[in-house]
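Undergrad: Go by the hints and put chain B onto chain A.
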Amino acid sequence: MTGRSPRFLWPFAIAVYALLLAPLVVVAAVSFGSTATFDFPPKGLSLRWYQAFFASEMFVRSFRVSQGVGLLTALVATLVGSLSAIGLVRLRFRGRGAAETFFLSPLLVPHILLGAAVYLYLARLAWSTSSMTLLVGHIVIATPYAIRCVTAGLVGMDPRLEEAAMSLGASRLQAFFKVTLPLLRSSLVTAAVFSFIISFSDINLALFLAGANAPSLPVHIFSQIQFEADPSIAAASALQIVIVGGLILLAQRLFRLRLMV
Amino acid sequence: MGRGQPPPYWVLFVGPYGLYLLVFLVLPFANVALLSVYLHSPTKIAIAEFTTANYSKLWELYYANLFFRTLRLSLAVTVVCVALGYPLAYLLARARPRSMTLGLFLLIMPLMVSTVIRVFGWVVILGNEGLVNQALRQLGAGDGVRLLHTEGAVIVGLAQQSMPFMVLPIMASIERISPSLEEAARNLGASWGQMFTRTILPLSMPGLLSGALLVFSVSMSAFVTPALMGGRRSRMVGQQIYEEVLSAYNWPGAASLTIVLALLMLGLVGLALWASRRRARLETAR
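Protein chains in written order, with the working numbering: chain A, 1 to 261; chain B, 1001 to 1286.
It is worth saying that the hints were derived from the structure and are not from the lab. Treat the numbers as computed from the prediction; the structure is a model and nothing was measured. Each residue gets a CB set at the ideal place from its N, CA and C atoms; glycine is no exception. Any given hint could turn out to be false.
What the hints assert, rightly or not - Chain B stretches covered by chain A per the calculated footprint, using a threshold of three residues with CB under 8 Å from any CB of chain A:
1. 1019 to 1031
2. 1114 to 1122
3. 1126 to 1134
4. 1153 to 1166
5. 1212 to 1225
6. 1243 to 1257
Stated by the list, open to error - Partner residues are not named here, just some residues of chain B that face chain A (Cβ under 8 Å, in silico):
7. Tyr1009
8. Trp1010
9. Leu1084
10. Pro1087
11. Leu1091
12. Arg1094
13. Phe1105
14. Leu1106
15. Leu1107
16. Ile1108
17. Trp1192
18. Leu1228
19. Ala1262
20. Met1265
21. Val1269
As the list claims (entries may be wrong) - Sample of chain A residues at the chain B side, in silico, Cβ under 10 Å:
22. Val27
23. Ala85
24. Arg96
25. Phe200
26. Gln224
Just chain A, same shape as in the assembly (with noise of 0.2 Å):
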């Protein structure tokens, strides 16, 4: 039907695309350049901002805090949102409405808001920032999408199927075993990728929460912007870019991806 899209809107869309994936483009064409100036396009090849950054200890260490903790955000985020959606939608209880829109509302504090907060509150606890704190932030924010996907994959799915194996002889854990999980399987691995990718991506609230001693990686390239800009920047960029890209093409396989703005 893009035929009688009128074609004066082209020059728009083009415009857009521009603007959203200038800045991703650049990044990956510096990563590869041969001097240390910001050169585009590079003038000469060379791997060795990839080589500064892997010998840098603390952007090594730092991509290993943002590794570690999305790792765990994903775990946690998608056992706790599959409950809490198993919940939502399979049973009846008074205020569910109340509880869904309470599950979500992290999705519109603004993390920066949200990152104050509660580092103003571990304030008052004496707990101090660590990994550990960054993964209780993160937590936070990231259990809403898993709760989205997995509310799509049981809004989609027959309960007759469940009741079906139950009246075969299932016990209902049986029934949710056999039947329902397996079924749900592509959702639970997009609510994992995406719980991870918004860790991994975050910095609002790692700026807060994350130890002074291990800072995420989006911190580490923060305070590297601000003090002196190398290429080895933007090489650890890359390498989000890289990863966060190849995630969103396996969620993109599995599951509709608009669900998750």
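TA: Chain B only, in chain A's frame:
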């Protein structure tokens, strides 16, 4: 548990996250609300004596300017996103499934990459030694132009970050409008422009409104972008909160700013819900 009533299994399912949010979302904001009426002390951070000073301080010129500037920049970002995003939303809504999948991937992928990386890309493009200035120098345009650390740079950066929040809701509302409505209008002799202003535009208003409010609130609470792309004279509220918490240690001051910004956002979301419900009611009444 009464007779015939099932045991409350639901507690096991919705209990964990409910409790978690209570402890790590509700209580932190309650704590902020409390801090915001405490007295600031340079030595002890906060004294448990009630005061309204943290709020009345916000009427001072410095804070009034800060809020006004944040509102103005967010409004500019919203206008840019509507102007560029609406045509794309229309094209995507009317595209073939394959092009739509690709279009959505290219729209959402940048959104999922960390803000700080996208900002870094802009620093490389717009900086003093950046790509635009290199190009200008090669063309012999003199010393180069100051592009980074300006309000314009902040608007560009924020528009890049919030564009998908504008495109997706508009796209969803245009998809719901049947293409046969467009055909009917065209067959009855309307030009494309007439058809658009009389059918598509009014029917996609709810999407436009929620997109605009989303973009506006994302921009209102921005921190990383104005911090790295803005100058001294383009500070936004998010930066002020960050600094009062982490470097000035004026926690009651940061708390009152947080509460005011949070209430502002809550008001906007409420307004959006009210507007879309009112609209729905008007349409059913017709």
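Undergrad: Please go over all the hints and tell whether each is borne out by the structure.
TA: Okay, the hints, checked on the actual structure:
{"no.": "1", "hint": "1019 to 1031", "in the structure": "holds (count 8)"}
{"no.": "2", "hint": "1114 to 1122", "in the structure": "holds (count 9)"}
{"no.": "3", "hint": "1126 to 1134", "in the structure": "holds (count 5)"}
{"no.": "4", "hint": "1153 to 1166", "in the structure": "holds (count 6)"}
{"no.": "5", "hint": "1212 to 1225", "in the structure": "holds (count 7)"}
{"no.": "6", "hint": "1243 to 1257", "in the structure": "holds (count 5)"}
{"no.": "7", "hint": "Tyr1009", "in the structure": "6 Å, holds"}
{"no.": "8", "hint": "Trp1010", "in the structure": "4 Å, holds"}
{"no.": "9", "hint": "Leu1084", "in the structure": "5 Å, holds"}
{"no.": "10", "hint": "Pro1087", "in the structure": "4 Å, holds"}
{"no.": "11", "hint": "Leu1091", "in the structure": "5 Å, holds"}
{"no.": "12", "hint": "Arg1094", "in the structure": "5 Å, holds"}
{"no.": "13", "hint": "Phe1105", "in the structure": "6 Å, holds"}
{"no.": "14", "hint": "Leu1106", "in the structure": "6 Å, holds"}
{"no.": "15", "hint": "Leu1107", "in the structure": "7 Å, holds"}
{"no.": "16", "hint": "Ile1108", "in the structure": "5 Å, holds"}
{"no.": "17", "hint": "Trp1192", "in the structure": "6 Å, holds"}
{"no.": "18", "hint": "Leu1228", "in the structure": "6 Å, holds"}
{"no.": "19", "hint": "Ala1262", "in the structure": "6 Å, holds"}
{"no.": "20", "hint": "Met1265", "in the structure": "6 Å, holds"}
{"no.": "21", "hint": "Val1269", "in the structure": "6 Å, holds"}
{"no.": "22", "hint": "Val27", "in the structure": "5 Å, holds"}
{"no.": "23", "hint": "Ala85", "in the structure": "9 Å, holds"}
{"no.": "24", "hint": "Arg96", "in the structure": "8 Å, holds"}
{"no.": "25", "hint": "Phe200", "in the structure": "8 Å, holds"}
{"no.": "26", "hint": "Gln224", "in the structure": "9 Å, holds"}
Violated hints: none; the structure is consistent with every hint.
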